[in-house]
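Make a model of the complete structure from these sequences and hints.
In order, the protein sequence lines correspond to chains A and B. Using the working numbering, read the first sequence as starting at 1 and increasing by one per residue. Using the working numbering, read the second sequence as starting at 1 and increasing by one per residue.
The hints are simulated quantities; they were obtained by calculation from the structure and are not laboratory data. Since this is a predicted model, take the numbers as computed values, not measurements. Note that beta-carbon positions come from the ideal geometry of N, C-alpha and C, so glycine has one too. Warning: the hint list may mix true and false statements.
Said to hold, decoys possible - Restraint ranges, calculated between C-beta atoms of paired labels, are given here: (1) P100(B) - G705(A): 36 to 46 Å; (2) R106(B) - L105(A): 15 to 25 Å; (3) I123(B) - G843(A): 46 to 56 Å; (4) I158(A) - R106(B): 53 to 63 Å; (5) P100(B) - K115(A): 46 to 56 Å; (6) L139(B) - E818(A): 36 to 46 Å.
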Amino acid sequence: MNRSKRFRIPPWIIYAGVAVLALLPLVTGNFYYMRLGGSVALYLILALGLNIVAGEAGLLDLGYAAFYGIGAYTYALLASPQFGLHWPFLPAAICGISLSALAALLVSIPTLHLKGDYLAMVTLGFGQIVRILMNNLDRPINITNGPNGIVAIDPPRILGVTFDSLEMSYALLWIVAAIVVVIVSRVVRSSVGRAWSAIREDPVAASCMGVDVAKYRVSAFVWGAALAGLAGVLFASWQRAIFPQNFTMQETITVYCMVVLGGLRSLPGLMLGVLGLVVIPELLRAYSIYRMLIYGFALVLLAIYRPQGLIPQEALAVAATIRNKLRRSDGSETAGRYRSSTSKLHDEATERIRPVIIDTADPERNVNLTGGSDTGPRASTAPAGGEGGSGEEPAEIGESAGTRQVAGSLNAMEIIDVTCSFDGLTALSDISFSVKPGEVIGIIGPNGAGKTTLFNLITGIVKPTSGRIIVLGNDVTGMPPHRIAELGVVRTFQNIRLFENQSVLENVLVGCHLKLRGDVASAVLGTKEYKRRYAVGVERAREALEFFGKDLASRESEPARDLSYPERRRVELARGLALTPRILLLDEPTAGMTPEEAEEVVRGICVLREHGYTVLVIEHRMDVIAGACDRVIVLDHGEKIAEGTPREVVANPEVIQAYLGTGGKQEDAKDAKDSGDSRSSLCCSSRAEGGRCFSERDDLLPDAGPILELKDVHSSYGSVKVLQGVNAEINPGELVVFLGSNASGKTTMLKTILGRVSTVSGEIRFMGKRIDGMPASEIARAGIAIVPEGRRIFPQLTVLENLELGGYMLRDRRLAAERIDSALELFPRLAERRNQVAGTLSGGEQQMLAISRALMADPKLILMDEPSMGLAPVLVDRVMEAIADINRRGMTVLLVEQNARAALGVADRVYILRSGRVVAQGPASDLIEGNTIAKAYLE
Amino acid sequence: MHGIFAQLPQQLINGLTLGSVYALLALGYSIVYGILRMLNFAHGDIFMVGSLIGWAVLQLFINGGAVLASPSLVLLLMVCGAVVVTSLLGGAIERFAYRPVQEGSRLTTLISALGASIVLQNIAMLMTQGRAKAYQTELIIPHDWAISAFGATVSATRLIIFCVSIGLMLAMDYAINHTMLGKAMRATSQDREAAEYMGIRTQQVIMAAFIIGSGLAGIAGVMIGLYYTQVDFMIGFSAGMKAFTAAVLGGIGNVRGAMAGGLVLGLAESLGVLFLAPVYKDVIVFSVLIAVLILRPQGILGKPVEEKV
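Rendered as structure tokens:
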């Protein structure tokens, strides 16, 4: 980032350069320079169009030159002796542009479902077809005149004036180019531009904000093609002759180079790219045969060293202009004007969030205020009726949710017998529940219970296999996500899905999409109405931001990716709130937050409830659930196992069992482990006893030092700090368990040990040697194997092949074969299925495969990441027995588990992680007795 | 109509021959795409380089319309020369143009691949002065070595091309399914992270995939030279498109599918010529590509991929 700051070219120099070119005829009448200047204008239009498709909307259109060609040929055929038609400029130009746009429509609609590369290839194919047609449609009927092209094209004739002199056509070109620059930069800043950016950054999140992804993809395509068509029309009328080779793939690549070289989505960048790539080749005319070679090298170097282009897009630019505009409007017209206005927008937006903000700014006061005072909020369930005099505006947030819902005594949401399965695996089965308006429902359950799937179903991202979902009286089963968002259902995501490269404010403005959409025309014209609506939108966005913390509003112009993890969570919440939803679905809103930050979110949810919002929240922290929820629904293995108040649910034995795991046999398992008695049903260990499976561990045992040592390890994912000083030791032969609820840093710790996540500070030693900073494959070769989270078996390989790969490092094939035999002996179930493709195994079988695959390499230490996750209780026991058995034979095991009971049954020592730190440790037996674990989980 | 039926057997033969070369090309493409999920635009140009190298080797042994060594040895040397150069080239492109952008966005990798393709094409253009090069196929494999039946002529050239291509494909199929490297490649393409955990040095596996895929493209280049008896620096672009189309037809990343896709494409192109002017044969290819992508993007044998939310 520093690098880009160092050699930044000030944009005004570029603007000045372009302006000089535009006014060239005043300086010189030189034919050559005028031609060059005309090319710059044409390429500027082309680059602006491509920038919309590839830069703003992120669609790889490799057939761009075809649209350019269609525009040019249409104009040429309508205004040349070819057919004897001599249309005036405007109708011919309109035909050319429309035909290009139509072609784009025809290409883009059937390819809507295609992503990235596939779309690139379809457009590439389309471009080639168009070129071949242009080249060959001189027979049997002569349409395009084939390779000879169309010559003697009419000069532009507008309202009887013929632009036949070079100066006049030059002026026409530049006037059109200037208009295009203005229009495009305004469109890009309108709601359409934000929608394009949103679908580029994250189509799923965009659709959940009410953006119709399909529509905006098509519109980006059509806009780009229309501009290319316009450029084609101008090209034909300027050049007076066109040939098929003007519209080849090479032309597309040239325009891509311009757009990418200068900087996608940056106007000065585009201009620089165009100037550079039109002028430089002319300077190097003598070397013109090397031109494409140089382009090629430039592209590769650019992709490697400067993927953002020479003048990267400024995330701040848009936000800054808004602020200036607001300041201006505040100065001249003052906010008072808004207040006295009776327009609908005024009611809808300007005033609406204000009372709420007063509430949240001071949570203490907030509680008092809910009784009803100057701001006039009321209890959530009370009908709002015809409240809302001129002086005392009701809290709009509350009203929008409250009144409309209470009007009918409908349920806010009804889930009726919903089942959802993927590839035969059932994620949710026969779930039914209903949510009353204004309720806050907690959804809890262990990992893999189907909670997020439930949200995906409600928001339309996933379609249910059977059953119905009714939201606010509308059957939304099978509706696309953006339509469901329009009904007022908004969600946040477990793994935060912000539009990373957009500023914070722009992110939240996408939440206002439904309020601001349809403003293209007024944005292009820059009408007062548009500015006012925009200002109101910005105001709303700011208020939504402030609702989740004053500090966010002060960072509104920073790109979302630069924010810390908890800040990003809050921006996501604000973005959802800006949509003025009626139902909010929050997927682990406090994950990765400190207790204080989490408390703030709980307060936020409480305020939302007071204003009549209906909220569904997936949470792991029971304190959040207890603090915020009216009712809790507990899912486990895709089934609803309990429903009730937080207090009831926590006391429900079935819930405790689901959360802490099935622990019925923990004592027995422990005994078995101690006495060395093996009686497991799955592992035929009695026969395999005594190091037949693994080589003896004598080499390690007498060494006494720890096999793995973590010293004050810190690590993070980007800005998200996960491990915050973990200290731990694993001794040879031990079975050590790391416990902790979700997002406590367990998996990250394993990934840090394995080199997948790099350490920020601290040391990791394996058998005395530093391993932090080594690549994962080398750490594996040093003797650490893992049974990864979610098993990560190779799904399309057979069981046998999976095992072979586990022994990849073994050079001795005979030894590998022996190991496979003993692994299959350990898990007879796998032996039966040795030639089956691993992806078709059941969850438990996959887990066994993952374990035996890890054992194949004869590691010195084996890491296991939640092997019980997603398994039926009976299988959890079996897997744990197998792990105990492996350990009993001398293997050192580091087990990470959420299922505390199951893990404690087999562990020697335990560490408890919370928020990236070890909060408790000790022998397993001590922890079983105390209630330390229950505390760490259910608080 | 009668003319069409008369030409049918010959076009079938041509289609199978051409299809086997496309299949070889698609196989290499699919191996790379399976692992990196990137459009390797340079693949077609590597194929072009292979065909030019084959031509250059052939020229070494030709003097005044006669071959100086045993034709089979010359053919072998042509293939070897092409394989050596193209595999080195493939490895170099992986190392210098693709590896640095592995973590980049789709657009970044696409730009880098396009750049690599343009560089190869233009170097080839400069070295050949932009002229087409004639393969003197008849000097190695005489024209009169042919079998005629049902109105079709199966020349020895076609037979050799078909056998070499099919033989290589079978060998590759075996290698991918039964050698440790093949398994490591499949593992890397399915789950690179898990493959690392197995101790597989995935970067080396990727390099190997590029080298093998490029070597196959080089052989395909020599075969196409023998078939068309003329090559130039521009054949790579449309060859790359055909390789991708064939790979998509069979389900991208699916090696056997790519081979089937290549054969289907070759047949479609040859049989299409019966109905349309030859200048439109690329239109047929691109139309097939567009139709397949629109109607069945997962390919004939592929499976759809779902995004996790």
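Verification of the hints:
1. P100(B) - G705(A): 36 to 46 Å: The hinted range 36 to 46 Å holds for P100(B) and G705(A), with Cβ atoms some 41 Å apart.
2. R106(B) - L105(A): 15 to 25 Å: The hinted range 15 to 25 Å holds for R106(B) and L105(A), with Cβ atoms some 24 Å apart.
3. I123(B) - G843(A): 46 to 56 Å: Between I123(B) and G843(A), where Cβ atoms are some 53 Å apart, the hint holds.
4. I158(A) - R106(B): 53 to 63 Å: violated (42 Å)
5. P100(B) - K115(A): 46 to 56 Å: violated (24 Å)
6. L139(B) - E818(A): 36 to 46 Å: For E818(A) against L139(B), whose Cβ atoms are near 56 Å apart, the range 36 to 46 Å is violated.
Of the hints listed earlier, those the structure fails to meet are numbers 4, 5 and 6, in rising order.
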